[in-house]
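2 protein chains.
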Amino acid sequence: MDRHCLMIPGPTPVPVRAALAGAAPMINHRGPEFGALLREVTEGLQRILMTRNTVLLFPAAGTGGMEAVAANLVAPGERVLVAVAGEFGARFAEIMRVAGADVRTLDFEWGTAVEPAAVARALEEDPSIGMVVVTHNETSTGVTMDLAGIRRAIPRDDVLLVADAISSVGAIELRPDEWGVDVVVGASQKGLMTPPGLALVALSPRAWEKAGRTRCRSVYWDFAAARRFLEQPTPQTPYTPAVSLLYALRESLRMLQAEGLENVFRRHAVLARAVRAGVRALGLGTLAGEDCASSTVTAVVLPDGLEGKKLLGLLRQKYGVVLAGGQGRLAGRIFRVGHVGRVNWQDVVVTLAALEMACRDLGLEVEHGRAVAAAEEVLGAEG
Amino acid sequence: MDRHCLMIPGPTPVPVRAALAGAAPMINHRGPEFGALLREVTEGLQRILMTRNTVLLFPAAGTGGMEAVAANLVAPGERVLVAVAGEFGARFAEIMRVAGADVRTLDFEWGTAVEPAAVARALEEDPSIGMVVVTHNETSTGVTMDLAGIRRAIPRDDVLLVADAISSVGAIELRPDEWGVDVVVGASQKGLMTPPGLALVALSPRAWEKAGRTRCRSVYWDFAAARRFLEQPTPQTPYTPAVSLLYALRESLRMLQAEGLENVFRRHAVLARAVRAGVRALGLGTLAGEDCASSTVTAVVLPDGLEGKKLLGLLRQKYGVVLAGGQGRLAGRIFRVGHVGRVNWQDVVVTLAALEMACRDLGLEVEHGRAVAAAEEVLGAEG
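Those protein sequences? They're chains F and X, same order as listed.
Quick note: the first sequence uses this note's numbering, first residue 9, plus one each step.
Quick note: the second sequence uses this note's numbering, first residue 9, plus one each step.
Please keep in mind that the hints were generated in silico from the structure rather than gathered at the bench.
Please read these numbers as outputs of a predicted model, since none were measured by experiment.
It is possible that some hints are incorrect.
Which copy is meant is left open, because identical chains are indistinguishable; a pair holds if it fits in one copy or across any two.
To be verified - Here are the simulated lysine to any residue pairs, SDA-like style, with alpha carbons at most 20 Å apart:
| no. | residue 1 | residue 2 |
| --- | --- | --- |
| 1 | Lys326 | Met365 |
| 2 | Lys318 | Leu264 |
| 3 | Lys326 | Thr62 |
| 4 | Lys317 | Gln335 |
| 5 | Lys326 | Arg60 |
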């Protein structure tokens, strides 16, 4: 298991440096060492998120960050537009609904991107919508949405734009301040190369105003309380924070900082292109078009006669490469290759070589080395 | 910092074995290795909790487990009785209130225990109360409540008894099935010797019935969904679990199992008695009476002229011993010594010796070695 090549879209492999940092001795979460830790991590996240907005951290999965948005920013009965182009868009809609919002979904074919013009039309038709929710990077389909374009298409300034950026933070360009994204929800276990268990939320001044006008229905997710504790002279959290995960995140943030954010984004984009080239050389198709294909995950359409479960089982057991299946309505129709976080060209080559061999094992006509060759061409051209 | 003696009531020091286990390579949270991990951990927790009830785990602080109870088991407007004898009782009341419950608090002097007879009277006076919430071990005051006695005092079988056992799980005897405690909320970072970030909740069949009749207002805390995923042939969770914390918890559970639960409880009780004896030998008083004093934390009353902040700062900076201050209305009136989790007699001796020296530094009349001697007497008698 130690040599398994984990190529799922998250949780992603944690760099040894970060994993070991997480094993450091426990500290008092009300003391000065913790204050320094929390300050460094939240400031590091501001740089990664290219935002001046305060970044709040919660001991939670990313789904918790989504729920926090619903609890703080939407009063029961308020109308919210959720763009749904995959499983995670559907999840955000469900979270909003369960929290009491009056949810309108704007549905797109899974594997395509949210169309800014469609968002504009929906808002023009219904002036009571005060919030638009978009999944920045839809992990279930391997599609990245054009957040900047969506904001430009929104006809009113007072409409809050909320982005689920759980699978894009630290891997795909995201400029909330420049683009006018009011709320960013992220998590530790994908581009940030940290074990799962930390959700993050960053709010624009406009979003804070809305929070101030909305009664928060949760003690756990209370944004105002989290900010109040964070802004004390010795930064704290309202309740016990996930100290060891913050240690690990601090180390991963230092690594991302050292690599340089532009380089990180470029690395992900190049590796994704190499994966897509390799997959196509195998004669397989990707679910997403090239114009909106994600840099963190590639959804590959299963050809007739190739059973996803069998393929993934073989890849895991015989070749030590772990990929992900399809979710929701895409279960059994696709498989997914994650290439996010602590990933490099070696992982891509190993994955494609394993795919070649496994596909041949299952009777597909596949030429040895062809996918790897296609990937090498992309990698070579990009230096 | 590496030699700091962390004697706060949580988060507690993590055994090196468990901390390093948390650094193991990441795995697919939908795969068989994770299923085996989750199964071992939940079964191990059942043994620690001495319960046949399913134990659900959430990526969250303990406070999240409290909020989960409110979201799943209490419909808006339902009347709940919360016994408040300290900061954490007050927190549970606040969580219930914010979630929409009609909360009645039953207040006790901070430093005393919840009286079963008072609970009985409150329920007799108000037959509309369907739930009683009690903090099993009130960390802010160092008092352990008599849960079995409280259950016996509850006049109706259909009243659910909810225990916040966050600071008692794995350290103080707790027999929910035998005592009739319907809901147990726990967390990883105290008696379970694991980093913070995992909340656990165990529900009796009666509590599950109530959950079935109550609309859950949360996707994140949904008990039924968590159980459904857990009971699949390959156990899973509805969203990404805190994998590294589960690794660490598995290791800590193995250590507790090897020591033997009765021995674990006894160790905590003996060390607590040694701490109290030492504190008294210093001429200081404890907030809690001997009949209800906690095995995990001792609240020490600050004598006139001794400033808590000064004492704790000196202990930390000069002697490397980290204690906790008072919370809420007890801030500045007490300090607290935690003795929970991976704690042994050496920690107690070091803490008491540091206290002796720091108190002398601050001008108190303290005889060198006196507190340590009193502790040794307790430790010696207990073998």
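Against the structure, the hints:
1. Lys326 <-> Met365: Within one copy only: 10 Å inside, 63 Å across.
2. Lys318 <-> Leu264: So Lys318 and Leu264 fail the 20 Å test inside a copy (36 Å) and across (40 Å) alike.
3. Lys326 <-> Thr62: Classified as neither; 46 Å inside a copy, 35 Å across copies.
4. Lys317 <-> Gln335: This pair counts as within: shortest intra-copy Cα distance 13 Å, inter-copy 54 Å.
5. Lys326 <-> Arg60: neither (48 Å within a copy, 38 Å between copies)
In this structure, the hints that do not hold are numbers 2, 3 and 5, in rising order.
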